[in-house]
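Given next are the chains, with one letter for each unit.
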Amino acid sequence: MASGFDPAEILAAAKAGHIVALGLRFVAQGPDWCEFAIDYDRRLVSDAGTGILASGPIMSLMDTAGGFAVWTRRGAFLPQATLDLRLDYLRPSRPGQTVTGRVECYRLTRRIAFVRGVAHDGDIAHPIAHLTGTYMLLGDGK
Amino acid sequence: MSSVTLLPYADFLGIRIAGERNGSPLLVMPFSEGLLNLQGMMHGGAISGLLEIAAIAAIDATLEEGEDPRSVFKPITVTVDFMRPGQPADVYACAEVVRVGGRIANVAVCAWQDDPDRAIAAARMNLAITPPVEK
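Sequences listed follow chains V and B, in order. Numbering-wise (the working numbering), the first sequence opens with residue 1 and increments by one. Numbering-wise (the working numbering), the second sequence opens with residue 1 and increments by one.
Calculated from the structure, these hints are not laboratory results. A quick note: this is a predicted structure, and the numbers were derived from the prediction, not measured. Do not take every clue at face value.
Unchecked claim - Computed, partial: chain V to chain B, Cβ under 10 Å:
1) Arg42
2) Met59
3) Gln80
Yeah, the Cβ is synthetic: ideal placement off N, Cα and C, and Gly gets one too.
Next up, chain V with everything else stripped away, as it sits in the complex:
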């Protein structure tokens, strides 16, 4: 693992909060990316008839994966805040499927981190949504 930042260690300390409430799971990490997953839950849908997940839980998944990608690239759990997020929905998620979000921090400046990522439900070549976003770096980044 190239980064000094260990998501599992940070998450083990979290006993409550949005990540725990949604059941977001850390899946994998690279030098500048992180992957999280959210299991299907009927409480998270936008419509009881279609059973399609709301946008909100996918935003939470992608914001979380994006934040962790930035910490991964910074190499430490430093203060930061989401500045903006954009999700393009290419298709609805399939009811019952776990959704995985992989987000890469592709550029880090002194103040801003730029991320991009993909949400999919099993096949990354057939994504549900594309993410772009930025984070403000509030601590001493490298």
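Please build the complex by placing chain B on the supplied structure of chain V, with the hints as guidance.
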């Protein structure tokens, strides 16, 4: 304003209708620990969820009152800007429906905490409108 039903996800976040503002439903997401990020502030995803629910509630409120189940709104693009940190406190949101066409709705929505003139986040959403699913 016609009757408005919130998404099932609204229950998960504890969101309810708190009134009306400029003809759109005013929503509140009462503070709970389950909304916080690892830094002890409101999670951007939870705020985004509130914005989405307020946007759809506002479109719903513009549609004709009727017996039929409401139309289904599927987000196409969602853009959220975060202006201020979300404090561990209640969050309000209210949307402005820019246009509802036959197929697409364009909505602007903003969220605040103690002062409606000091938004903590704002979103633009473009949604596809599809007829209700036959049960």
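Outcome of the hint check:
{"no.": "1", "hint": "Arg42", "result": "holds, 7 Å"}
{"no.": "2", "hint": "Met59", "result": "holds, 4 Å"}
{"no.": "3", "hint": "Gln80", "result": "holds, 8 Å"}
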